[in-house]
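The sequence shown runs 1 to 447 under the UniProt record's numbering.
Simulated from the structure, these hints should not be mistaken for lab results.
It is possible that part of the hints are untrue.
Here are the in silico distance ranges between beta carbons for each label pair [said to hold, decoys possible]:
no.: 1; residue 1: Pro233; residue 2: Thr361; range: 24 to 34 Å
no.: 2; residue 1: Asn94; residue 2: Phe14; range: 26 to 36 Å
no.: 3; residue 1: Ala387; residue 2: Ala320; range: 41 to 51 Å
no.: 4; residue 1: Gly213; residue 2: Pro9; range: 42 to 52 Å
no.: 5; residue 1: Glu215; residue 2: Phe14; range: 25 to 35 Å
no.: 6; residue 1: Gly77; residue 2: Val6; range: 38 to 48 Å
Lysine-lysine pairs mimicking DSSO-like chemistry, simulated, CA-CA at most 30 Å apart [to be verified]:
no.: 7; residue 1: Lys8; residue 2: Lys420
no.: 8; residue 1: Lys22; residue 2: Lys309
no.: 9; residue 1: Lys242; residue 2: Lys226
no.: 10; residue 1: Lys20; residue 2: Lys227
For glycine and all other residues, C-beta sits at the position ideal for the given N, C-alpha and C.
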Amino acid sequence: MTNSSVIKPLTVSFLQTPLKGKMNVPGDKSISHRALMFAALATGESHITGLLEGEDVMQTAAAMQALGAQPKRIAEGEWHVVGKGIGQLTEPENVLDMGNSGTSARLLSGILASHGFLSIMTGDGSLRKRPMKRVTVPLSETGAQFATREGGKLPMAITGTANAKPVTYRLPVASAQVKSSILLAGLNAHGVTCVEEPVATRDHTENMLRHFGVEVHVEDLPKGGKKISLKGPVTLQGKDIKVPGDPSSATFMLVAAAMIKGSEVCIENVGLNPLRTGAFDVLKWMGADLQILNERVEGGEPVGDLMIKAGALKAVDVPAAHAPSMIDEYPILSIAAAYATGVTRFRGLEELRVKESDRFTSIVEMLRSNGVQVDVEGDDLIIHGTAGNISGGGEIETHMDHRLAMSASILGLVAQKGVKVDDVTFIRTSFPNYFPLMNALGAKFDL
């Protein structure tokens with residue numbers, strides 16, 4: 001579990017010099033989680049390169065080892081996994097600790113639902129506040145049983161079933177984690193598992209299942225969204241996987257370079273899955289000088305290099321339908337909106353209230369404490385841009401949330417009076433080398 005007793009505050013000063021350079025961001029977090037899980041469920045051996053080695057993904061690696069698979073680190077970002085096969089995981093001897101990782105907890109719940117043994121799952125203080133009912137309700141239809149704290153929160157006991165029933169479920173709210181959890185349970189169920197999503201969400205699970213030899217059907221729904229189905233039980237065959245750079249991580253550098261005068265940054269080998277690149281679209285709508293170069297396909301996922309140069313940013317009105325493709329990027333895009341000229345409106349952000357923290361409220365607090373006018377209408381966030389003149393000087397509470405911490409650090413670089421960040425410890429869960437990479441570009445963070 002992440003040691004939350006170690007707190008690392010940070011004071012960030014206004015940066016008067018540009019960011020320059022070429023870099024690679026860590027491997028995609030969503031794909032890294034799935035690579036370890038699917039390799040553990042496969043028959044045979046898998047070789048993974050580019051794996052993100054942040055704390056969240058390492059929790060997944062530890063969990064798969066506790067369940068009888070054999071993940072082994074060969075070198076930085078390079079892992080070898082000996083799989084157990086579908087339905088062949090073994091009962092863990094101890095509690096499964098998911099640390100800060102909601103992805104680990106929710107996807108693993110789907111896997112454990114269709115294995116006939118007892119397991120107990122917990123997490124750190126932040127994860128224990130996050131809702132699990134969104135996965136336990138549909139997964140209970142498989143025949144698995146779940147016991148949680150009041151409100152459907154961790155710690156959670158899972159009594160899986162070796163005779164899992166297939167589930168047909170329509171998501172009330174678009175969520176790639178819930179969709180993936182149900183599909184993973186369906187791998188070991190007898191019959192067709194089907195998930196309908198009202199809005200298309202990131203499809204890394206579908207892509208990677210196909211890569212491992214599973215037949216996955218995807219249909220467009222008449223009123224929008226997707227219907228995803230698979231017939232179990234299935235067999236996964238061990239595969240080689242190359243994990244692309246994480247587009248969510250890349251967005252922090254892109255926004256910083258877009259705002260800081262004279263900056264020019266190139267980020268290589270970034271995943272360009274169209275269900276993950278909504279933030280890149282928004283930056284272009286805002287007038288950012290962003291180019292995508294050297295586009296190609298690696299391991300079933302589109303990849304390319306991103307070149308960005310500083311320039312004037314203008315306000316945008318982002319529809320709710322765009323949220324699933326950039327739900328993790330709203331904290332850092334809110335900084336771009338605060339820096340821009342005009343009034344930006346982000347619509348339909350209810351999902352932000354149940355992330356690692358209540359990101360919706362945290363964004364409002366972060367901006368208002370640094371002199372930015374923010375209005376709230378229902379689930380819409382309305383940010384009054386300062387035309388490059390954010391006053392700053394505030395103290396920002398990050399609520400153990402890695403993306404809020406990184407966003408706050410970028411805000412400090414463009415705020416006239418800088419900012420104080422209460423704790424940047426949790427950045428290591430998704431981006432362990434964030435500060436060294438930013439300083440290599442010229443950020444001058446003093447840790």
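Each hint tested on the structure:
1. Pro233 with Thr361: 24 to 34 Å: The hint (24 to 34 Å, Cβ to Cβ) is violated, given that Pro233 and Thr361 are roughly 43 Å apart.
2. Asn94 with Phe14: 26 to 36 Å: violated (48 Å)
3. Ala387 with Ala320: 41 to 51 Å: violated (26 Å)
4. Gly213 with Pro9: 42 to 52 Å: At 48 Å between Cβs, range holds.
5. Glu215 with Phe14: 25 to 35 Å: violated (55 Å)
6. Gly77 with Val6: 38 to 48 Å: violated (25 Å)
7. Lys8 with Lys420: OK: Lys8 and Lys420 at ~11 Å, within 30 Å.
8. Lys22 with Lys309: It holds: about 12 Å lies between the C-alpha atoms, which stays within 30 Å.
9. Lys242 with Lys226: holds (27 Å)
10. Lys20 with Lys227: violated (44 Å)
When the structure is compared with the earlier hints, violations turn up for hints 1, 2, 3, 5, 6, 10 and for no others.
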